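Kindly produce the complete structure, drawing on both the sequences and the hints.
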Amino acid sequence: MGAGRGASPAVVPQRGPSAGEQDDHALGSAEGALVLPETPLVEPPVGGPLGLPVAPPPPEPAASAHPLLVTGAAGVAPAAGTAAAGRDGALDRHARLVCSVLGVPAAVVSLVSRRLQLFPGAVGLPEPWQTTRLADLSRSSCQQVVASGRPLAVRDAREDPDLRDDAVVTELGAVGYLGAPLRGSEGEAIGALAALSPEPRDWTRREVALLADLAAACSAELQLRRALSDAAEVRAAAESARDEATTAQMRAVGERRDAEVAHARSQLLLEVSRAVAEAREAEDVAAAVASRVLRGTQAHLVAVAVHERSSGALRYVARESRDPGAGVAGVAAGPVGELGAAADGSGVVREPVDVPEGAALCARERRAVFTPDAATAAATASTGAPALEGVEAALHAPLLVDGQCVGVLTVAWRSARTLLPAERELVTALADAAAQGVQRCLVLRTERDAARTLQRAMLTELPDLADVELAAVYAPAAAGHQVGGDWYDALRHPDGSTLLVIGDVTGHDISAAATMGQVRSALRTLAVATTDTPAQLLTRLDETLSVLGSDVLATVLAIRLDDGGEHGARRMRWSSAGHLPALLALPGEGVAVLDGHEVDLLLGLAPGSARSDNEVVLPAGATLLLYTDGLVERRDSDLTEGIERLAVALGAAAELPLPELLDAVLGELVGAGGADDVAALAVRTR
Numbered sequence: 060m061g062a063g064r065g066a067s068p069a070v071v072p073q074r075g076p077s078a079g080e081q082d083d084h085a086l087g088s089a090e091g092a093l094v095l096p097e098t099p100l101v102e103p104p105v106g107g108p109l110g111l112p113v114a115p116p117p118p119e120p121a122a123s124a125h126p127l128l129v130t131g132a133a134g135v136a137p138a139a140g141t142a143a144a145g146r147d148g149a150l151d152r153h154a155r156l157v158c159s160v161l162g163v164p165a166a167v168v169s170l171v172s173r174r175l176q177l178f179p180g181a182v183g184l185p186e187p188w189q190t191t192r193l194a195d196l197s198r199s200s201c202q203q204v205v206a207s208g209r210p211l212a213v214r215d216a217r218e219d220p221d222l223r224d225d226a227v228v229t230e231l232g233a234v235g236y237l238g239a240p241l242r243g244s245e246g247e248a249i250g251a252l253a254a255l256s257p258e259p260r261d262w263t264r265r266e267v268a269l270l271a272d273l274a275a276a277c278s279a280e281l282q283l284r285r286a287l288s289d290a291a292e293v294r295a296a297a298e299s300a301r302d303e304a305t306t307a308q309m310r311a312v313g314e315r316r317d318a319e320v321a322h323a324r325s326q327l328l329l330e331v332s333r334a335v336a337e338a339r340e341a342e343d344v345a346a347a348v349a350s351r352v353l354r355g356t357q358a359h360l361v362a363v364a365v366h367e368r369s370s371g372a373l374r375y376v377a378r379e380s381r382d383p384g385a386g387v388a389g390v391a392a393g394p395v396g397e398l399g400a401a402a403d404g405s406g407v408v409r410e411p412v413d414v415p416e417g418a419a420l421c422a423r424e425r426r427a428v429f430t431p432d433a434a435t436a437a438a439t440a441s442t443g444a445p446a447l448e449g450v451e452a453a454l455h456a457p458l459l460v461d462g463q464c465v466g467v468l469t470v471a472w473r474s475a476r477t478l479l480p481a482e483r484e485l486v487t488a489l490a491d492a493a494a495q496g497v498q499r500c501l502v503l504r505t506e507r508d509a510a511r512t513l514q515r516a517m518l519t520e521l522p523d524l525a526d527v528e529l530a531a532v533y534a535p536a537a538a539g540h541q542v543g544g545d546w547y548d549a550l551r552h553p554d555g556s557t558l559l560v561i562g563d564v565t566g567h568d569i570s571a572a573a574t575m576g577q578v579r580s581a582l583r584t585l586a587v588a589t590t591d592t593p594a595q596l597l598t599r600l601d602e603t604l605s606v607l608g609s610d611v612l613a614t615v616l617a618i619r620l621d622d623g624g625e626h627g628a629r630r631m632r633w634s635s636a637g638h639l640p641a642l643l644a645l646p647g648e649g650v651a652v653l654d655g656h657e658v659d660l661l662l663g664l665a666p667g668s669a670r671s672d673n674e675v676v677l678p679a680g681a682t683l684l685l686y687t688d689g690l691v692e693r694r695d696s697d698l699t700e701g702i703e704r705l706a707v708a709l710g711a712a713a714e715l716p717l718p719e720l721l722d723a724v725l726g727e728l729v730g731a732g733g734a735d736d737v738a739a740l741a742v743r744t745r
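Residue numbers (the working numbering): 60 to 745.
In case anyone wonders, no lab produced these hints; they're calculated from the structure.
A quick note: this is a predicted structure, and the numbers were derived from the prediction, not measured.
Every residue gets a Cβ at the ideal spot worked out from N, C-alpha and C, and that includes glycine.
What follows is a set of in silico ranges between Cβ atoms, one per label pair, in the way DEER data are often shown:
1. ASP508 with GLY680: 35 to 43 Å
2. ALA291 with ASP221: 34 to 42 Å
3. ARG745 with ASP722: 15 to 23 Å
4. ARG423 with ASP508: 24 to 32 Å
5. ALA723 with GLU218: 55 to 63 Å
6. ARG223 with SER172: 20 to 28 Å
7. GLY162 with GLY555: 52 to 60 Å
8. GLN463 with ARG693: 40 to 48 Å
9. SER605 with GLY162: 35 to 43 Å
10. SER172 with THR477: 43 to 51 Å
As structure tokens, then:
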């Protein structure tokens, strides 16, 4: 979403059954499914909308530059012994959910008229509005949402001539605004669910879609109250007319049931959307969808299939059943497969297995496929196709993204059935939510794999030298969605000296890996073409990258080893462009941190700045360790403590062969995997 109101934000269409479309067999109506509890109506003193109370007009607010920043996401509590006259706890929860999902300090559930704006749900408003929940806002953003019936996304209301004088800006301190319409039982816009930011904000399509989903859930809450209010009026009228009362009561029960099912459906969609948004891998999306759909419906089995990475075959990677033994015929539970993980405590089975014919047909033709009973499924299946065990009817819905099928959602029932329109709509909506999550994870996986391939291709194959032993290791971050710009290098100069390099380009994406390759190539070229000292080499490299227009920010430690005289001693000269100090282990003397020198600026900060050389003589048998920050940096400690831990680990492993030394050091400091990439280069003089 760009700045201003001229853009047309994406509108998430509401899906779901209308009143009366769904009966006791509908998804979401199972025992234990998500349903809205009975909520008593609050009688308004003056007759507010939807049975909500109306508070007296608010007093003049105290001046504040940014009221939203002053009150915070929790708002300001009213004075002891008082309560907000227009406050509704259930709608407050919707406002809090907006703050949590969109990361804003304030949100409101706003019901508007031509003169007044009521905030029955609000979080983070300044006083007195957080307490009174009522404002006379003749030119409000929420009223514009109601008038248009569409979401409104504003990056900076102060730059919008139609909104800069809005009381939401001048009195509430909201600058960034995102609102979605709330709808009554007839589909009319009656208010807005709005996220408020004290700073300018570029709202994304995903954020607009999330708020639209949250508004749909809030609308279901309001529609339910209206249905309950109507039912109460009908029951009151029935006291004077028995026949009318019976008919009206039946109608009210039906409306209430439809509203409860609609609310449960909205809650299920919201829960699935939130779980999908948090997943990092396609398999995690599948597991989250399978678990939550089974818990929120009457289905007997739910499974999600995606395409296998190596073969492209469509296979179930997550399935959950009310019967632990149910699954796919001919496939027994076994070891963890390529795409999955073993079953966890939730009962979600996550080893990839082949899909039945109905799911395969669904993927091929990119349409929903329903088999009302097992006999129909068997009659249409090809020879050797697996079958779903323990179920009769099954609905397979494609996970579609831009017309392409990225997977299949299967929902199955124990007994034969006729599929209700509301059931098909709900499964389709759930498949849409899952598809976006799967596609996002697949794109991230592709980018990550490409970056890692590029990064590993650029890592140096160490030369075999007679006077120096070399070993190196590169360990990617445990978080699969990150790659870095860490690298090492070693080469023999034509003059007989040895150049050693360790570096780290800022960033954790394919761009960082590509930039690392540029820096590495330029440094190797300059090193071979000149006899510069390490400081001169880094100065020349910094200037070269600047001339070439390379937008780089990197730390580099460059070392040159020359003949140091008798008994195999080597003279070590080095220069550091903001990199961590090397560690030196001397036989019988422990480990020293080579930090008693000048640490110069990072590459890219100030090309042409002065750089310094440092020098030390290494005896034969000395072990030198170069490394990147992923080996020593931790959230719960500073770098100094991390370097001290590394020195202890190096001292304990100093006598080991270099490959074993590196394994021991990484095992001690990183274990199964760290939060950042690690590159390390070990050198031992002979």
